[in-house]
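2 protein chains.
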Amino acid sequence: MYRVCLVGFGYRGRYLLQLLQQLPSVQVVGIADPQATESPGDEISLYNRGDQDYRRMIEHERPDLVVIASPWQCHTEQALYCAKAGIHIALEIRGGTSWEDYTPLLEVAEVAGVRIYPLENTVFMREVMAIGQMIEQGVFGEILYLRGGYRHDLRHLLVSPSGELGGEGAEAAWRVRYYLEQEADLYPTHGFAPLALWARLRREEEIKRLEALASSSRGLAAYLDRYAIEGQRPSILTPDIVTTQIETDRGILISLIHDTTLPRPKSLDYEVQGTKGIWNADRRALYLEGMSPEGAWQTDEPYLQHYLHPLWRAWGEEALRIDQHHQGMDYMMLRTLLEDLAHPGLYPTDLNDLALWSSITPRSAASLARGKLRN
Amino acid sequence: MYRVCLVGFGYRGRYLLQLLQQLPSVQVVGIADPQATESPGDEISLYNRGDQDYRRMIEHERPDLVVIASPWQCHTEQALYCAKAGIHIALEIRGGTSWEDYTPLLEVAEVAGVRIYPLENTVFMREVMAIGQMIEQGVFGEILYLRGGYRHDLRHLLVSPSGELGGEGAEAAWRVRYYLEQEADLYPTHGFAPLALWARLRREEEIKRLEALASSSRGLAAYLDRYAIEGQRPSILTPDIVTTQIETDRGILISLIHDTTLPRPKSLDYEVQGTKGIWNADRRALYLEGMSPEGAWQTDEPYLQHYLHPLWRAWGEEALRIDQHHQGMDYMMLRTLLEDLAHPGLYPTDLNDLALWSSITPRSAASLARGKLRN
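Sequence lines, in order, name chains P and B.
For the first sequence, numbering that gives the first Met the number 0 begins at 0 and goes up steadily by one.
For the second sequence, numbering that gives the first Met the number 0 begins at 0 and goes up steadily by one.
A couple of the hints might just be wrong.
Copies of one chain are not kept apart here, so a pair can be met inside one copy or by any two copies together.
[What the hints assert, rightly or not] Distance condition first, Cα-Cα at most 20 angstroms in a straight line; then the derived SDA-like pairs of lysine to any residue:
no., residue 1, residue 2
1, K371, I206
2, K275, Q297
3, K207, R217
4, K207, A364
5, K275, A313
6, K207, H155
7, K207, E182
8, K207, D248
9, K265, D281
10, K207, G370
11, K275, D152
12, K83, T335
13, K275, L223
14, K371, G250
15, K207, L236
16, K83, R54
17, K207, A365
18, K265, M290
19, K207, R369
Bear in mind the hints are in silico, worked out from the structure with no lab data behind them.
Same shape as in the complex, but just chain P (with noise of 0.2 angstroms):
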């Protein structure tokens, strides 16, 4: 039985919570958050006296692993904390804003023999590592271009609903800073980590060359335009899109693109592309020269019922059943994180991904910089 504490409990920490109480093995036994008022279950002690209160939870429970859930802005020195006190980690997305942000917590892991599990959900979802076999499997023969990004209209967890950026009952109040301070691609992750590990890109020297350019930013102001209420409009430094190219060492391209300020429909935009074929997320279809009526889109699903990934076999059927929410992607996440507790190895990425990953908040923002320089 692992002992679990959660350190935060908004959004995302309840459904991670909710999730874990479903899995073998785990007993959570508390939970930090300065505005938590309440305890989710009477096994489970509650820690909401100030920022700091999650450090008296770490030495009152000795835990065996933390899930960190916090604000973004909190996550280094928490997973600090956690990693001094020699206790595994599970670290939500996205902490630092760069490789050096990691540094030190990378360095005090290491000596204290602490694991710490990047939380990006979407290296775990089904399509996603099927056709990370498929490309191991040189199914696509040599992989050119890599598209992906975030595209989700976020608006809604920005204002509050008496429409105001970040006022009293808007979902992720803190989140609203970032907008306001850095013109960049603020979310990288969730569309970058399955490029760079379909592109073995793990680390930033691989990167030869990138470039990011952006739109204005409007469609936060046109949002808050539709309430009327009284003085200033903040200025929003975040553009509506992103879009940010990658040249790897291996002769890949990749793009990827940070849209979370326009009305749209989710989407990932993951496209996989080499000499053999091309898989498109969004119509859910592949081309494969040779097995593919000529020239026309296959749906993709007997190929990824054929290529299914392992950790898919053995708990897929849970997976989609437990978590319908994400289609099973946390639910995979989670239980490979606890079977790595026990058996090292299994779980595919690690805290140098997540610093690679994060990586391109600043540097999106550097040449988005360089790009008004030169103008």
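Knowing the structure of chain P, use the given hints to seat chain B on it.
Quick look at chain B alone, frame taken from chain P:
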């Protein structure tokens, strides 16, 4: 009755002839192509005595309009000759490769009072024209992001049936040269022309920033490897995938892709995104906030029908019947062109547009070269 001559009688010229013969008020009187062996009709004179024989045709036939559909490298010279002779020109894509290449032609055409019609058929697609109407009427709100490109597997055009790059029987043997010599987006206009019109981008100076990135070039080599042919593999300079990102003065981000040497179904990859919604061509779907079901794609057909362009209302039925191969867009283009001869102002683009569109090739090449320099 307009007397029309054709310069260039390859794959493209043949199809244009077939359409011209079904248009009202058109009499095709001559065809010039050094490789043509037979006239396609009794009333059509054939001029095939070498590269310059088109000049004899112009002098002899004195047409009202010349359609130029020869290999790219011949376009501007032939167009200049026709313009000097005071004859209107329908100009296939793409002749010049930069604004400068078209400068003499622009000047001569103006002095001679000659109209030059770029034959960029994607501008005349039913969907493209309807979406243009929707953008103009503000249905998508303020436009922030436009995506498009030329994603068309051309390997069979470039490689002969016996497996030689540009060899005997390759449909566009002349085109191979560009793949050997240019590291660039070789053919931007199919993707870019509609985007430029939608973005109201008419002058190069309105491009604030442009960056192209690229993958390796492996597609043609992998294709040639299927044939057991002796000797050296030519080295291909054009990358399999080139993406070009453009920021415009109006704050619109444009994403272009060039993708012609990998196996895939055809796509122009169009997407239009604004403060009120999004359209995706590949899905043939749109999302308009407050109109579409919350967060869900909706088929675009009822909207396209509602916002159908007046030219499609007038000639859509005959376009679809006569030009099935290209879903009516070539017919619509030629029909509009002929109407414009009598009533100038109807044709939506001119040589300035073509020069702007074509300039993506040298600008993408320059950006790729700058990127290498920086590495």
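To see whether the hints hold, each was checked on the structure:
1. K371 x I206: between (22 angstroms within a copy, 13 angstroms between copies)
2. K275 x Q297: Within one copy, since 14 angstroms is at most 20 angstroms while 32 angstroms is not.
3. K207 x R217: between (32 angstroms within a copy, 18 angstroms between copies)
4. K207 x A364: both (17 angstroms within a copy, 17 angstroms between copies)
5. K275 x A313: Intra 29 angstroms, inter 43 angstroms, cutoff 20 angstroms: neither.
6. K207 x H155: neither (37 angstroms within a copy, 32 angstroms between copies)
7. K207 x E182: between (22 angstroms within a copy, 17 angstroms between copies)
8. K207 x D248: Result: close within a single copy only, 6 angstroms intra versus 29 angstroms inter.
9. K265 x D281: both (10 angstroms within a copy, 16 angstroms between copies)
10. K207 x G370: both (18 angstroms within a copy, 9 angstroms between copies)
11. K275 x D152: Between. Shortest inter-copy distance 12 angstroms satisfies the 20 angstroms Cα cut-off; intra-copy 34 angstroms does not.
12. K83 x T335: neither (24 angstroms within a copy, 74 angstroms between copies)
13. K275 x L223: Close across copies (13 angstroms), not inside one copy (47 angstroms); limit 20 angstroms.
14. K371 x G250: between (28 angstroms within a copy, 13 angstroms between copies)
15. K207 x L236: between (27 angstroms within a copy, 18 angstroms between copies)
16. K83 x R54: within (11 angstroms within a copy, 84 angstroms between copies)
17. K207 x A365: For K207 and A365, the Cα distance is within 20 angstroms both inside one copy (15 angstroms) and across copies (17 angstroms).
18. K265 x M290: Cα proximity of K265 and M290: across copies only (17 angstroms, versus 30 angstroms in one copy).
19. K207 x R369: both (17 angstroms within a copy, 13 angstroms between copies)
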